[in-house]
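Peer 1: Chain A: place on chain Y using the hints.
Protein chains: 2
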Amino acid sequence: MQKRRYAEDAMRTVFQSFGYQEIQTPTFETLELFTAKSGEGIIDELYSFTDKGGRELALRPELTAPVMRFYVEKLQMEAKPLKLFYFGNCFRYDRPQKGRYREFWQAGCELVGTDTPESYAELISLAYAVLRKTGLKDITINIGNLTILSSIFTKLNLSKDQQQDLIPLIDKAQFDDVEKMLQQFGVPQEDTKKFLDILQTTDIKKLSSFVQHDAQAQQEIDLLTTTINLLPLFNVKNYCLKMSIVRGLDYYKGIVFEIDAPNLGAEKQLCGGGAYELIPLFGGRETPTAGFAIGFDRTLLALETEKYAFPSSTLTTYVIPVNEAAIEQSFTIVQQLRSKNIATDIDLLRRGIRKALKYASSINAKTAIIVGPQELKQDAVMLRDMKSGKQELVKLSTLPKKFQ
Amino acid sequence: MQKRRYAEDAMRTVFQSFGYQEIQTPTFETLELFTAKSGEGIIDELYSFTDKGGRELALRPELTAPVMRFYVEKLQMEAKPLKLFYFGNCFRYDRPQKGRYREFWQAGCELVGTDTPESYAELISLAYAVLRKTGLKDITINIGNLTILSSIFTKLNLSKDQQQDLIPLIDKAQFDDVEKMLQQFGVPQEDTKKFLDILQTTDIKKLSSFVQHDAQAQQEIDLLTTTINLLPLFNVKNYCLKMSIVRGLDYYKGIVFEIDAPNLGAEKQLCGGGAYELIPLFGGRETPTAGFAIGFDRTLLALETEKYAFPSSTLTTYVIPVNEAAIEQSFTIVQQLRSKNIATDIDLLRRGIRKALKYASSINAKTAIIVGPQELKQDAVMLRDMKSGKQELVKLSTLPKKFQ
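Just so you know, the sequences run in chain order Y and A.
Residue numbering for the first sequence follows this note's numbering, beginning at 1 and increasing consecutively.
Residue numbering for the second sequence follows this note's numbering, beginning at 1 and increasing consecutively.
Rather than coming from a laboratory, the hints here were simulated on the basis of the structure.
Just so it is clear, the structure is predicted and the values come from calculations on it, not from any experiment.
Heads up, a few of these hints could be off.
Any copy will do: because identical chains look the same in the list, a pair fits if it lies in one copy or spans two.
Claimed, not checked - List of simulated lysine-lysine pairs, DSS-like, C-alpha gap at most 30 angstroms:
| no. | residue 1 | residue 2 |
| --- | --- | --- |
| 1 | Lys3 | Lys80 |
| 2 | Lys133 | Lys340 |
| 3 | Lys366 | Lys80 |
| 4 | Lys366 | Lys133 |
| 5 | Lys395 | Lys133 |
| 6 | Lys172 | Lys355 |
| 7 | Lys3 | Lys133 |
| 8 | Lys80 | Lys340 |
| 9 | Lys137 | Lys193 |
| 10 | Lys366 | Lys387 |
| 11 | Lys340 | Lys3 |
| 12 | Lys237 | Lys401 |
| 13 | Lys160 | Lys194 |
| 14 | Lys194 | Lys237 |
| 15 | Lys193 | Lys155 |
| 16 | Lys98 | Lys52 |
| 17 | Lys358 | Lys390 |
| 18 | Lys395 | Lys172 |
| 19 | Lys74 | Lys387 |
Chain Y extracted, bound-state conformation (with noise of 0.2 angstroms):
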């Protein structure tokens, strides 16, 4: 909990130092919330139920949705960009395995009101910040365009369901079958090289020849083109094209991007975010959206993978009254040290000074104060090193600026 605690506030501080405020919303939700972003399929995906009140609910698998749903609830006659950010829990019925719980926790925000190229460029820089401001190191990020994909397979006369087959096999990489399925759904051979040649490029330039015809698509080139170009000036490291980001082309439109921590393997993906389309299907007033969500146990075991040296938990300082008589001094001791925020604790089992020494040891404390009539007399205690095994009589009134 430490560990998460320091990267959860870490977080926090990088979505409020970019203006962004934190949002709460219920743990559970209607189920018809979840269907009708992402259609009846995530029914088995999900944690759901039926309340005493007859009521069908799930437990939310993710963050987004019900944040519009609160915004169009809400929301919508604030000020316009909304920096909105959360941190929470979700659910998944799902087989657990590593980097992938049942109960996993998201951090991640929603932009609401502006699609200019600086609105996304700010945004997957604050995604990078966001990770890096964790400790993280090794992280890169990758680009895409929804609008740009979805004209190319216009461009080659693809169908929705056709469309629906390749997906998953550009997903996972898998451009072998992608070119074996093109040829198939009988796509000219120089049109499928050509489009192969763009889900594997790193090339803005390349993508142009292919969708000359649509001018949609060559506004979004010129968004995505000057989004990137501004990425340097936030201090974004290791962001590269790829057009064969895919994930939820049902809401996402436009621009897309993920963030990887390579270490990981095949559960790497830390963050996935983008322009996307829900208020007007939750029954708001369109206005252009995006955001994105980290997997926050997933940034913890990237955090481990890179041997990160968190700070570490220890007490400052513990207190033994060697006998009974001197409980009373003791508790006042403790009283003025925690007053200070100092985090101090005390022997409650009255079980003499080795004993209490060794729990110290065990709990990391790096002091203890060790309180006896003798030095009581002389209005000072004995302060002890726990690693050096040092002892200094300490005068009681200036103990608390050992601390500081």
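Peer 2: Showing chain A alone in chain Y's frame:
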């Protein structure tokens, strides 16, 4: 959320300064865990459901049972005393009303492995300190003892059923009805009078007379007396004996206490706690346990009732590029300030100074930085105080210092 996180952080600081470590348990547990603790009757108040694997689960209604379940499974070998605190959400299927929500938050702790009077005094002082640290002023502590109360019930020859009938009346302080019921039960008038006196007295010395022949009760009176006498050492104020505390007689035993915010009226109870016995029920080795839970939502209501001045939510500065050419330089400034954790936002909508300043006002920005070509020629920007409207030309090199 800003108020909530502020109060949460304040509480966490105090738990840690008392040597407590944070623990987090899952949002749902097996239904059996909660019926084992509280009986089948609790099912009516639970969000319970059957998962896809046929398991009977429940959203946790409180955190003591989950923490003790976790203790028995994983923490029995830890050095004692073990000090655990938590901050988590709980669920009750109940009619929502002011201060009673279907999803609500609790902050609390469990102290395992000690039962000295100083342990209980420290525990009570911790609950007091946690609430006080949030900024709350008007709170009162009531301290009772269920072992003594049980001993009196035995002395009055009351059957279990009779006790069950009596307890709700005692809990609601309906002492006239208690008197009538005791008469019906055939309790001698003198004993009834004595009992009613004990339920309402604040004088601990009066307790002894009734339970002279019960050694265990006498011992509890000594424990209670020593515990209460230790409280001034911890700067605890506004505490009082209250033998009519009957909460959770099924698993609490010995010392119990409640903390109220009198300003909240009917829903004034903020905290309940005491010594209890759950570990053997969950299959663990018996060891003394005590703890308390604070209603977090109610604590916030109490703070609002006291008109507590929460730190206000302000954005340090809002950057306004006056034209497109200034966007790049503006983001460089933003990046520089954010990297120093200075909460900085920027106009993402390219909307011109007047509208951007209006927006900056609406989000409570303290200052605005206007980035224009004229000023940039002098390596400077215009810094505007949003309250006074005063502007000053500030060199880029000295800008971050303005916010430190």
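Peer 1: Now tell me, hint by hint, if it's right for this structure.
Peer 2: Hint by hint, here is what the structure shows:
no.	hint	verdict
1	Lys3 - Lys80	between (35 angstroms within a copy, 23 angstroms between copies)
2	Lys133 - Lys340	both (28 angstroms within a copy, 12 angstroms between copies)
3	Lys366 - Lys80	between (50 angstroms within a copy, 18 angstroms between copies)
4	Lys366 - Lys133	both (27 angstroms within a copy, 25 angstroms between copies)
5	Lys395 - Lys133	between (41 angstroms within a copy, 28 angstroms between copies)
6	Lys172 - Lys355	neither (58 angstroms within a copy, 46 angstroms between copies)
7	Lys3 - Lys133	both (13 angstroms within a copy, 24 angstroms between copies)
8	Lys80 - Lys340	between (42 angstroms within a copy, 25 angstroms between copies)
9	Lys137 - Lys193	neither (36 angstroms within a copy, 73 angstroms between copies)
10	Lys366 - Lys387	within (7 angstroms within a copy, 47 angstroms between copies)
11	Lys340 - Lys3	both (24 angstroms within a copy, 22 angstroms between copies)
12	Lys237 - Lys401	between (44 angstroms within a copy, 27 angstroms between copies)
13	Lys160 - Lys194	within (20 angstroms within a copy, 83 angstroms between copies)
14	Lys194 - Lys237	within (28 angstroms within a copy, 78 angstroms between copies)
15	Lys193 - Lys155	within (14 angstroms within a copy, 93 angstroms between copies)
16	Lys98 - Lys52	between (35 angstroms within a copy, 21 angstroms between copies)
17	Lys358 - Lys390	within (15 angstroms within a copy, 62 angstroms between copies)
18	Lys395 - Lys172	neither (68 angstroms within a copy, 51 angstroms between copies)
19	Lys74 - Lys387	between (56 angstroms within a copy, 28 angstroms between copies)
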